[in-house]
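Position chains W, U and A relative to chain V; hints supplied.
Number of protein chains: 4
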Amino acid sequence: MSSTYGTLFKISTFGESHGPAIGVVIDGCPAGLTFDTDFIQHDLDRRKPGQSRITTQRREADEFEVLSGVFDGKTQGTPIALLIRNTDQRSKDYGHIAEQFRPSHADYTYQTKYGSRDYRGGGRSSARETAARVAAGAVAKLLLAQQGVQVQAYVSQVGTMKLEKAYADLNLALAEENPVRCPDPEMAERMFQYIDETRKQGDSIGGIVDCVVTGVPVGWGEPVFDKLHAELGKAMLSINAVKGFEYGSGFAGAGLYGSQHNDEFYTDEQGRVRTKTNQSGGIQGGISNGEDIYFRTAFKPVATIMQDQDSVDIHGQPVTVSGKGRHDPCVVPRAVPIVEAMAALVLVDMYLRNKVSQIDRQEAGIL
Amino acid sequence: MSSTYGTLFKISTFGESHGPAIGVVIDGCPAGLTFDTDFIQHDLDRRKPGQSRITTQRREADEFEVLSGVFDGKTQGTPIALLIRNTDQRSKDYGHIAEQFRPSHADYTYQTKYGSRDYRGGGRSSARETAARVAAGAVAKLLLAQQGVQVQAYVSQVGTMKLEKAYADLNLALAEENPVRCPDPEMAERMFQYIDETRKQGDSIGGIVDCVVTGVPVGWGEPVFDKLHAELGKAMLSINAVKGFEYGSGFAGAGLYGSQHNDEFYTDEQGRVRTKTNQSGGIQGGISNGEDIYFRTAFKPVATIMQDQDSVDIHGQPVTVSGKGRHDPCVVPRAVPIVEAMAALVLVDMYLRNKVSQIDRQEAGIL
Amino acid sequence: MSSTYGTLFKISTFGESHGPAIGVVIDGCPAGLTFDTDFIQHDLDRRKPGQSRITTQRREADEFEVLSGVFDGKTQGTPIALLIRNTDQRSKDYGHIAEQFRPSHADYTYQTKYGSRDYRGGGRSSARETAARVAAGAVAKLLLAQQGVQVQAYVSQVGTMKLEKAYADLNLALAEENPVRCPDPEMAERMFQYIDETRKQGDSIGGIVDCVVTGVPVGWGEPVFDKLHAELGKAMLSINAVKGFEYGSGFAGAGLYGSQHNDEFYTDEQGRVRTKTNQSGGIQGGISNGEDIYFRTAFKPVATIMQDQDSVDIHGQPVTVSGKGRHDPCVVPRAVPIVEAMAALVLVDMYLRNKVSQIDRQEAGIL
Amino acid sequence: MSSTYGTLFKISTFGESHGPAIGVVIDGCPAGLTFDTDFIQHDLDRRKPGQSRITTQRREADEFEVLSGVFDGKTQGTPIALLIRNTDQRSKDYGHIAEQFRPSHADYTYQTKYGSRDYRGGGRSSARETAARVAAGAVAKLLLAQQGVQVQAYVSQVGTMKLEKAYADLNLALAEENPVRCPDPEMAERMFQYIDETRKQGDSIGGIVDCVVTGVPVGWGEPVFDKLHAELGKAMLSINAVKGFEYGSGFAGAGLYGSQHNDEFYTDEQGRVRTKTNQSGGIQGGISNGEDIYFRTAFKPVATIMQDQDSVDIHGQPVTVSGKGRHDPCVVPRAVPIVEAMAALVLVDMYLRNKVSQIDRQEAGIL
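Chains as they are written, first to last, in this note's numbering: chain V, 11 to 377; chain W, 11 to 377; chain U, 11 to 377; chain A, 11 to 377.
One chain only, chain V, in its complex shape (with noise of 0.2 Å):
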């Protein structure tokens, strides 16, 4: 188990979705941050179920309390603990399934590797845990704002419905005026539909977020093993449901050629060396270039359908799984601040380790 990320800016979550509570410890935020709650708190209603009737109808106030690390209003360079407390807990919609393997859930490998499980609403790997995240990216968020950095993610397809058009074309404020966070306003009434449809036949289906960070300067990102994209991919990767990432030109990236691909570099009329396309996603060598850093992120149908399903119970004989308690029809909605707070994580932890990537050249008086 390691439910912790981050070198400078470290996170620790815990809790179960059925549990007393959930919550997260930061430890490395900087001191004298404004610790913003109602904007923690807004992350977290962009999160929170029961948002439409496209997404589960557990109720969750999703508030949550701040335990330490905060004083007058700063925070204090200690540990920052976040807790929420779980309330809407129907443990026995779970009853069914405390001997049973719903497929495609971590059901069956949490029991073979730890030797039980907390099976309520899949316990550790239910995606409530994202929660604790959110609340931990958006303290990352605010300090992100402060170099100028913005992290924006939106839904650019749910099943096999995309949204053909580029980020630059879009105007991505647009995201939020609508359930399903896709930009384009026609399209998301149309995605809303098709979700709908799904829900309705007891399916779930799949979908893509894009995510957009402008503002970021050049040199964030360590090589060799934590690239920037490296530690964005490992980020998305860790959410629940998330199949792929690509960032840049991404799988489309391995067709071209290098004559096509390759981004030329120019000097814009402030100085500032700028490349005239961005094939690379903001990032080359696994270091920013100041470019925006944009990224995709493939989500699979949830597993939970309101569908009977072969299975076998935990004596390996066969069962049959129905669908029962409250879930997603489509994860991408809700998926989109997770993503962002992913994103913030990796931006801030690259962001404090790039302070020490050359010497102090003023107070070695070199400069």
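Hints are computed from structural coordinates only; laboratory data are not their basis.
Any given hint might turn out to be false.
[What the hints assert, rightly or not] Computed cross-link-like contacts, DSS-like style, restricted to lysine-lysine with a CA-CA straight-line distance of at most 30 Å:
| id | chain 1 | residue 1 | chain 2 | residue 2 |
| --- | --- | --- | --- | --- |
| 1 | A | LYS172 | U | LYS172 |
| 2 | U | LYS210 | A | LYS286 |
| 3 | A | LYS210 | U | LYS286 |
| 4 | W | LYS172 | V | LYS172 |
| 5 | U | LYS286 | U | LYS365 |
| 6 | V | LYS286 | V | LYS172 |
| 7 | A | LYS334 | U | LYS286 |
| 8 | V | LYS365 | V | LYS286 |
| 9 | W | LYS286 | V | LYS210 |
| 10 | W | LYS210 | W | LYS334 |
| 11 | W | LYS286 | V | LYS334 |
| 12 | U | LYS172 | U | LYS210 |
| 13 | A | LYS172 | A | LYS286 |
| 14 | U | LYS84 | W | LYS365 |
Leaving out everything else, chains W, U and A in the frame of chain V:
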């Protein structure tokens, strides 16, 4: 800079493309492993330059020296240091780029992040560093082999030319029979011509490497952040030129319904719990489920091309970068052993970490 | 700030002395351990304030809540979060020091490092944080007990009053029979009077805690940097007010000849390799050798005294700091369970790390 | 096995006493540092064997090769690999101990933990490994020097012969003027005779090394677990033959009253907050307070003596171990640069970590 990977089987690589040497220190290899130098050299030979006319003509023997950690042919539990001298460093090939930023290389980002850079052959950002990974990965493979685990990668796509067969329908052993490392001989021949044409045009082309890992028992992988596929993703994305990673159903999975995507469980004739399909790619909840692990890694076209390109120099002035040096027109054939090495490093770390997942029931007197 | 300790059994503590709560997240506790809440509470009770008139009169029940990681009375391999609410926070006692730096406290260094500080009761620098360590350490003790390992600390010195007997000549069980936690009843009584006199004078006094660990098999400890005694030393020195650490012969060993100091080996009647003496303190080359592990930790006098002291305020102006609040005149009685907790945390981490020292010979088909 | 130390300035050492080479990889050295090879060689020379008749007569030039990380005389932010070939390995001296456990050496514990060992000269457990630390520590010193920080150690005790003067009453520069490295010339001469007598008797003797660090600003050190003195303690205890560590008042502080021990603050003529006394050893709450950092490290007598000793062999049978090989009768003179190196490594890590303690107020537009 982070040139260290792994939690228990920890590697640190070092070395620049045109410095005296590259190498790796492995800290955490268990004692008692028979150290098969021929096996390690064989993997280095699979990666080394000059294998055919579609790879770079740089000549490096890539022979390694064991500096520590091995005694009487066995690992001792102490750090294993492996050294590979650079021999064919035509540094003069690079004098012309000392002050230029090559498009889609790491020249600009390294220069800005660190204030200087070893420009010869890309210095630390060169894929030459991956030879050290291959050496370490070969040691990991030796440990995995004892557990019955095999890692096999192959080329499934070059440019837009795709091998449409599933891995299960291929004889993967054939991949090593041709210079492209594609297990379909006919497709391999076509890919070879494609790459060679590209080379003749002074251009480069991308591609995709698929990887299959067999024999992994249930239980490897550490949720929440260090999910097996998240670590595999990070490891692949840390390889030079990689733009995307997907496992199991991958990006295509986003387009499916849950009822299509879920892998139903059954018990096979040996009493083993299996899944009927493998959209999960052998991983559920971040933990191996006993099925084959399957993932795909997309590589962009090599940034160095034998054509003139617009760029800027370190003073921001416009320059024309012309292609020189010896480079691969397509990296995927040589990337195959690198993908395998990184996969082996991830898996061996997870294998070791899994050893402490449950209490020692026997010692504890429980069983 | 680093509030995280451990490689495999990793703890993160949080909380300020006068904030809402303190607590700890344990990431990496193996699954299947019976979670004995009474045992944990008992250790917290041994540390809690108000035990006798020679400890601080602050009243804290120090009852803990299990937020996660335990199901059906067993650990699940998932993070265990333990929460202790602060109840008796007389923050008004501290208003007077909001702008003063108390001598030999961390007020000045925290203020300078972080730009601000939670001055109430020392905030994060308060020894109240150690309650979280004791809770985590008790979980570690439960794991160790399964391996037959016992950790027992006791007070061997208060001020200049020293217990001259070796631990082997004492009945350590008697340590818990008196409020000083000295296993020699007569000495305990004298120490009690000494501390009480010191308290009446408004002063404080230092002391030494000895610790003995029995039952550790050969092989725990990780050379080169994470030697068992190096980790024990770091762990002890991380406890508030600690000034020194020694193991085995310690500082006195510096005065001996090799011919006096060396521990000769012999084979005992059970065929076990033993040493005739134990100057090594049970550790050779950083690895346990099967003998009792023995070390000593020196604590300075508590910095808070009920006397006026010269100091400066946050503006650098001279002030007189007068003693207020409720404080221990001597920390060593309450430090005993803290020393044990930190020792247990080190040992359990080494126990787990040792599991991967050698290849799996059985699985590998070698044995 | 953990041969890695450091959070941001991370070192990995490798190599056995009688293998081909030893060395170190430094991952995380900031770019732009002038790499002074003479300075590094000078520190290696201070540690190397054969300096006088009171050190081992093994002859090692201990010249190092820079394999990576330095270009045009400057560090590049990439891993710095330093290699030292072993030249004078008289392995045949050790054939007789292949099957014997030397008393108070690591032979028995390594053999048991790892199932085998490189017995030649102690293999990995040999203090020869510390040459790699000294090389890395010298790089750390170069960085510290830019910040005005100096690390100076010296011998304060040999056997029972103690230098009773405080460091402030000594001219520490004199320590390097004599082979014992004691800054009091008269005492140095007496210590030299003492050690030489011990050598003639075929015996060994312990000693104590004091260390003073000047110029450290307020704020270095990371509470809670990575307190500056806790990391210094771990670093010292990780050195071969170390039995104890204390800082500031140390063990003697346990015997004092708070009213004697507290360091009162005042503001000096330059407006700097200072303490009247320095029982704190320059560290309060785990963070440097701007005063001199002062600590002491106790070394046991070298385990190898030129006398017959009882022991057992690897089959548990009684044997007589007779002293052979070339060994130091007293390690402390050569330990001086090792203590300094480890201190420098701790301090440079804390220097870098401190850079992220507070938000970037200037960049954030707050100041």
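Just to be careful, I want the Cα atoms of LYS172(A) and LYS172(U) compared with a cutoff of 30 Å; is the pair within it?
23 Å, holds
Under the criterion that the straight-line Cα-Cα distance not exceed 30 Å, is the pair LYS172(A), LYS286(A) satisfied?
Holds, because 26 Å separates the two Cα atoms, which is no more than 30 Å.
Quickly compare the C-alpha distance for LYS365(V) and LYS286(V) to 30 Å and report which way the hint goes.
Status holds; Cα separation ~28 Å.
Is LYS172(W) within 30 Å of LYS172(V), Cα to Cα?
23 Å, holds
Below or equal to 30 Å on CA atoms is what counts here, so check LYS286(W) against LYS334(V).
22 Å, holds
Agreement of LYS172(U) and LYS210(U) with the hint, judged by alpha carbon distance not exceeding 30 Å:
21 Å, holds
For LYS286(U) and LYS365(U), compute the direct alpha-carbon distance and say whether it is at most 30 Å.
Holds: LYS286(U) and LYS365(U) sit about 28 Å apart, inside 30 Å.
Would the hint linking LYS84(U) and LYS365(W) be met if the CA-CA limit is 30 Å?
Cα-Cα ~19 Å, so holds.
Below or equal to 30 Å on CA atoms is what counts here, so check LYS210(U) against LYS286(A).
26 Å, holds
Proposed proximity, LYS286(U) with LYS334(A) (alpha carbon, max 30 Å):
22 Å, holds
LYS210(A) and LYS286(U) were given as a pair; does the straight-line alpha-carbon distance stay at or below 30 Å?
26 Å, holds
Just to be careful, I want the Cα atoms of LYS210(W) and LYS334(W) compared with a cutoff of 30 Å; is the pair within it?
14 Å, holds
The earlier numbered hints are all upheld by this structure, with none contradicted.
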